[in-house]
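Chains as they are written, first to last, in the working numbering: chain A, 6 to 227; chain B, 9 to 88.
Since the hints were made in silico from the structure, they are not lab data. Computed from a predicted structure; not experimentally measured. Just so you know, even glycine gets a beta-carbon here, dropped at the ideal spot from N, CA and C. Among these hints, one or two may not hold up.
[As the list claims (entries may be wrong)] Covered by chain B, according to a simulated footprint, are these stretches of chain A (three or more residues, beta-carbon under 8 angstroms):
#	segment
1	59-66
2	110-119
[As the list claims (entries may be wrong)] In silico negatives: residues of chain A with every beta carbon more than 12 angstroms from chain B:
#	residue
3	6
4	14
5	21
6	35
7	168
8	178
9	187
10	194
[To be verified] Cβ-Cβ distance ranges computed for the label pairs, FRET-style:
#	chain 1	residue 1	chain 2	residue 2	range
11	B	29	A	160	29 to 35 angstroms
12	A	83	B	67	29 to 35 angstroms
13	A	221	B	56	51 to 57 angstroms
14	B	56	A	79	31 to 37 angstroms
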Amino acid sequence: MKVGIVQFPGTNCEYDTQYAFEKLGAQTSILWHEDAAVAEDLDLIVIAGGFSYGDYLRSGAIASKSPIMKAVKAHAEAGKKVLGICNGFQVLTETHMLPGALKRNEHLHFISKHHNLKVASNANNFLEKFDNSDVVNIPIAHHDGNFFIDADGLQELYDNDQVLLHYCDAQGNISNPNGSVDSIAGICNKEKNVFGLMPHPERAMEEVLGSADGIKMLEGLM
Amino acid sequence: MTAIINISLKNGVLDSQGKAVHHALDSLHFENVEDVRVGRQIVMKLSQTDEAKALEEVTQMCEDLLANTVIEDYEIELVK
Numbered sequence: 006m007k008v009g010i011v012q013f014p015g016t017n018c019e020y021d022t023q024y025a026f027e028k029l030g031a032q033t034s035i036l037w038h039e040d041a042a043v044a045e046d047l048d049l050i051v052i053a054g055g056f057s058y059g060d061y062l063r064s065g066a067i068a069s070k071s072p073i074m075k076a077v078k079a080h081a082e083a084g085k086k087v088l089g090i091c092n093g094f095q096v097l098t099e100t101h102m103l104p105g106a107l108k109r110n111e112h113l114h115f116i117s118k119h120h121n122l123k124v125a126s127n128a129n130n131f132l133e134k135f136d137n138s139d140v141v142n143i144p145i146a147h148h149d150g151n152f153f154i155d156a157d158g159l160q161e162l163y164d165n166d167q168v169l170l171h172y173c174d175a176q177g178n179i180s181n182p183n184g185s186v187d188s189i190a191g192i193c194n195k196e197k198n199v200f201g202l203m204p205h206p207e208r209a210m211e212e213v214l215g216s217a218d219g220i221k222m223l224e225g226l227m
Numbered sequence: 009m010t011a012i013i014n015i016s017l018k019n020g021v022l023d024s025q026g027k028a029v030h031h032a033l034d035s036l037h038f039e040n041v042e043d044v045r046v047g048r049q050i051v052m053k054l055s056q057t058d059e060a061k062a063l064e065e066v067t068q069m070c071e072d073l074l075a076n077t078v079i080e081d082y083e084i085e086l087v088k
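Let's have the full structure, built from the sequences with the hints guiding it.
Encoded structure:
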């Protein structure tokens, strides 16, 4: 299993992500944003979290136009997997590889805390190790995590089983930290090979650090 | 030529910053404010002298990068 992790100026979760996938037995490499091509034998490309280009213009906007993103698109079009975490999710919506957009959090605060998430659909690689409605505890850390999509787009997401996770409380009741439409924390594309979420599974890999629920998520992609 | 581009959230997309500014103005007793929208302005100097061509080019810039048309509208003003 070979995993490439994209690094833009301002990315800051690439080494956590590398640690997480190596812990699961993957062979990892860091991909530089100026590279216009990536190795063909990569199974998964992860766009890691952080603040690419200082979030200038809009979060993920400038990164979405960088040379590596053409290669990431080609990788996805070949049916291979892509995962965007936090800023990576923003980059994937800005490239239109995933629908919708991430706006400033409704109450304008940067939120950094553990949050519970409820599995909305396990009919995909990423969450196949879970049952629907399972609750997991994963850290969130974002300023622009307020997922927006119009009513038609939202219906389409549900019709195609593209909603992955909802924010919830420990009992699984919906609890919305940032104003996201329908409390959505993560989605995938129609083909179910491009995944994006605001929470950080790579920061939930060790019980001693608060949660190891991220292991089961990332294992699904292995 | 100078292009002035105003970018704002579409109608129907909640503008949290506008709401916060409105609230702050209320607390300063500016009571005649009915609604506040916060946007972004980009000003650029262009070497293009043909207005139609400049408009076409700046529109493309907005579509490709400057605005996210999923949530934002843009207006372009050209000044000679």
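If we take the beta carbon of residue 187 (chain A), is the closest beta carbon in chain B still more than 12 angstroms away? Residue 187 (chain A) is indeed farther than 12 angstroms from all Cβ atoms of chain B, at 14 angstroms.
In this structure, is the beta-carbon distance linking residue 83 (chain A) and residue 67 (chain B) contained in 29 to 35 angstroms? holds (33 angstroms)
Beyond 12 angstroms from chain B, beta-carbon-wise, is residue 14 (chain A)? It holds; residue 14 (chain A) is separated from chain B by about 17 angstroms at its closest Cβ, greater than 12 angstroms.
Closest CB of chain B to the CB of residue 21 (chain A) still more than 12 angstroms away: holds (27 angstroms)
Does the no-contact call for residue 168 (chain A) survive, Cβ to all of chain B over 12 angstroms? Holds, since 17 angstroms exceeds 12 angstroms.
Decide, holds or violated, for the assertion that all CB atoms of chain B are farther than 12 angstroms from the CB of residue 35 (chain A). holds (26 angstroms)
Quick one: work out the minimum CB distance from residue 194 (chain A) to chain B and report holds if it exceeds 12 angstroms, violated otherwise. The assertion about residue 194 (chain A) holds, with a minimum of 15 angstroms to chain B.
Range hint 31 to 37 angstroms: satisfied by the CB atoms of residue 56 (chain B) and residue 79 (chain A)? Holds, since residue 56 (chain B) and residue 79 (chain A) (Cβ atoms, about 33 angstroms apart) stay within the stated range.
Would you say the segment 59-66 of chain A counts as covered by chain B, given the rule of at least 3 residues with C-beta under 8 angstroms? holds (count 3)
Check, residue by residue, whether the segment 110-119 of chain A contains three or more positions whose beta-carbon lies closer than 8 angstroms to a beta-carbon of chain B, and give the verdict. holds (count 4)
Reported absence of residue 178 (chain A) from the contact zone with chain B (all CB gaps over 12 angstroms): holds (23 angstroms)
In this structure, is the beta-carbon distance linking residue 29 (chain B) and residue 160 (chain A) contained in 29 to 35 angstroms? Given about 33 angstroms between the Cβ atoms, the range holds.
Checked against the numbered hints above, the structure violates none of them.
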